[in-house]
Amino acid sequence: MKSKFLGSFLVNGSLALICLFWTIPTFGLLVSSFRDRIDINQTGWWTIFPHKEWVTAQEITPDPSVDRNGPMTLGGVTATFEQFRDGIDQNGQRYIWIGNRRIGHLEIQNYRWTANLGFTLQNYKQVLASGNYTAILKNGTTQTMPGDSMYRAFLNSIAVAVPATVIPIALASFAAYGFAWMKFPGRKMLFALVVGLLVIPLQIALIPLLRDFVTLHVNGTFLAVWLAHTGFGLPLATYLLFNYISELPRDIIEAAFADGASHFTIFTSLIIPLSVPALAAFAIFQFLWVWNDYLVALVFIGASPTNQLVTQRLAEIVGSRGQSWHLLTAGGFVTMILPLIVFFSLQRYFVRGLLAGSVKG
Amino acid sequence: MSTPKPQSTANRQAGLGIFRSIAALLPLVFSLAALTWGFFFIRDLQSGANVAPQLVLVVLAIIWGVGGIVLLFTTANFFVEQLPDAWIRRLQPFIFVGPAIIMLGWALVIPTIRTIIASFFGDASIKFAGLKNYIYIFSDPTLLVMFRNNLMWIVFGTSFTVVVGLLVAVLADRSKFETIAKGLVFLPMAISFVGAGVIWNFVYAVRPMGAPQIGLLNAIVTSFGGQPEAWTAFFQPWNNFFLIVIVVWLQTGFAMVLFSAAIKGIPTEIMEAARVDGATEIQIFFRIMIPQILGTIITVTTTIVIFSLKIFDVVWVMTGGQYGTSVIATQFYRQYFTYNRNGVGSAIAVVLFVAVIPVMAYNLRQFARREVFK
Chain A
1 MKSKFLGSFL VNGSLALICL FWTIPTFGLL VSSFRDRIDI NQTGWWTIFP
51 HKEWVTAQEI TPDPSVDRNG PMTLGGVTAT FEQFRDGIDQ NGQRYIWIGN
101 RRIGHLEIQN YRWTANLGFT LQNYKQVLAS GNYTAILKNG TTQTMPGDSM
151 YRAFLNSIAV AVPATVIPIA LASFAAYGFA WMKFPGRKML FALVVGLLVI
201 PLQIALIPLL RDFVTLHVNG TFLAVWLAHT GFGLPLATYL LFNYISELPR
251 DIIEAAFADG ASHFTIFTSL IIPLSVPALA AFAIFQFLWV WNDYLVALVF
301 IGASPTNQLV TQRLAEIVGS RGQSWHLLTA GGFVTMILPL IVFFSLQRYF
351 VRGLLAGSVK G
Chain B
1 MSTPKPQSTA NRQAGLGIFR SIAALLPLVF SLAALTWGFF FIRDLQSGAN
51 VAPQLVLVVL AIIWGVGGIV LLFTTANFFV EQLPDAWIRR LQPFIFVGPA
101 IIMLGWALVI PTIRTIIASF FGDASIKFAG LKNYIYIFSD PTLLVMFRNN
151 LMWIVFGTSF TVVVGLLVAV LADRSKFETI AKGLVFLPMA ISFVGAGVIW
201 NFVYAVRPMG APQIGLLNAI VTSFGGQPEA WTAFFQPWNN FFLIVIVVWL
251 QTGFAMVLFS AAIKGIPTEI MEAARVDGAT EIQIFFRIMI PQILGTIITV
301 TTTIVIFSLK IFDVVWVMTG GQYGTSVIAT QFYRQYFTYN RNGVGSAIAV
351 VLFVAVIPVM AYNLRQFARR EVFK
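Top line first, the protein sequences correspond to chains A and B.
Under our numbering, read the first sequence as residues 1 to 361, first letter to last.
Under our numbering, read the second sequence as residues 1 to 374, first letter to last.
Warning: the hint list may mix true and false statements.
Sample of chain A residues lacking proximity to chain B, with all beta carbon distances greater than 10 Å (derived) [stated by the list, open to error]:
1. F81
2. L128
3. A129
4. I204
5. T230
6. S262
With the C-beta cut set under 7 Å, the calculated list includes, among others, these residues of chain A facing chain B [what the hints assert, rightly or not]:
7. L17
8. A159
9. A175
10. A205
11. L210
12. V214
13. N219
Just a sample of chain B residues kept apart from chain A, beta carbon distances all over 10 Å, derived [stated by the list, open to error]:
14. A219
15. A273
16. R275
Just so you know, the hints here were simulated from the structure itself, not pulled from any lab data.
Where a beta carbon is used, it is the ideal one built from N, C-alpha and C, also for glycine.
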């Protein structure tokens, strides 16, 4: 009995540790995205929780006539600038000089419980805005900075992901039916091609495809990305749907044939309705894949400012303003929100897709 | 399938059929023309100064893409069904699989061949260079780093993901909190590599000594009296390791889901029998569970090996491949898009391709054994 209790404690304890490790990074980002930009840069996000730290109780700005090179008497304590700068602990209080020698001031701090609360939506407003955005900071000053057009990029990502999900499904479901229920010369060989292409690295196809798109004058447009994702998603789509469609009960389909139905009728009125779970599984898979993709967008949309997707915008902020954490955190969540919603609402189908198609790299 | 018609009817039909067939071809020609016209129409909506609103483009794209495919199938099928029965049986399968095969050919097969050819040519793709590009890749010291790093990715990335994924699956299987624990570990699967890069960049953020650390890792390190460290930059070659952690974090959920399903598939009688015989949990794990789910372990391992081989986004966003973190895919991008070295870039892509050939062969062998194709 005792060892059983200990075992369950060990199991749940280590599981909790792993879950904590898995959740904290995302949680930190989420919390930070709502904090004032000054706060983000001065204190860790975990200080929003109650903790003990030195909190300023009183500020003393010394008279300009005070000689800052010699000992000064401030708030009843006499010390040099260097000593004040390092902080003096006396009577349970800390006397610390903030700022430089000439225009700084002294702060008297108490060690007590505090929490750095105070949240704002301005980070989100700025990353979403196109054009300039003027933020009002916590200390009362304003700051005007260009917005990051994330709202536009968000719409662009939808514009890319929806057709890039639907078109390959349409193509692949026809092909999957053909491979599963029709006999023709070359059937085995052509399906072997599909299986072989499942793990092919995209990189091998990028450059020639880019050339074709340049020739067709579609480079930099959504059309190029739709076509590329259609091609890259097809092997998995065909393979997954084939697995499902080929295992539909044979007698249903043979009964339909016996009633004189053609392949085309059987496909549209029997196979498609029966395959909805598999279609949904692949749709979620492909949607998340396209939404989260960076390489294909980088190559085929490139620097075109109007057509960039959320992943590109976010990567651009990382590259150009990698220390602007208020933008990075908010921007990060803008890119994540839709996949997280899709993921949570349709997780069942997504898992099914993973289980069926785990051969893809 | 329809029964063969008497000979005489079939002949008469064939005679009439010529005219009928030509007439029946018209809708197909029309739909092909419409599809082509739609392509240029949508293309021109996006070029030039006036870009159409995204919503209009999405709707048009779906109408064009899905509607076009359905139209093409319907008209092609209509045409084929006017032909004699023997031809219907011969041609109809290709209406179903043809468009997908053409798309695969254009988007993957032909480009692969073109890239292989380009890899034997100079950077302008005019002068034949023989093996020069390959010799360069395998001898240039700055490029050789990428092989070392990819090896690190494959070895550490894969083993950590598999081990942690298996651990979570086994632990969750015995816990009351299975659903929530699996959900939390699985969650990062929905996040892009770029997003994950930002999340972990924030964990790794570094401030000068003495300033308050806003990155969790350095805050922990300094609170124990350590020095703040730029984990992904100057901490070589361990910085690769800090990048690998990100991807392990991201894809452990994938491994876990597959392992979890496999563990639940193990017949309970086997486990119970072992317990009755007095086997410890550790023995059950290594002697029964592992052999039972070996197939899944192999699948997950190959998937993640391929994944690690192609890794790009995380490295590109976090370090740009600098500080000795470049991998094959980032070098491919840099050589081709930054340095305009078509030949070298293509050769790197071919190396990547050759590396996955064993997996391709394995998949094909598994496929050849399948019942449906015998």
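Each hint tested on the structure:
no.	hint	result
1	F81	17 Å, holds
2	L128	15 Å, holds
3	A129	17 Å, holds
4	I204	5 Å, violated
5	T230	6 Å, violated
6	S262	7 Å, violated
7	L17	10 Å, violated
8	A159	4 Å, holds
9	A175	4 Å, holds
10	A205	4 Å, holds
11	L210	9 Å, violated
12	V214	13 Å, violated
13	N219	10 Å, violated
14	A219	5 Å, violated
15	A273	20 Å, holds
16	R275	13 Å, holds
Of the numbered hints listed earlier, those contradicted by the structure are 4, 5, 6, 7, 11, 12, 13 and 14.
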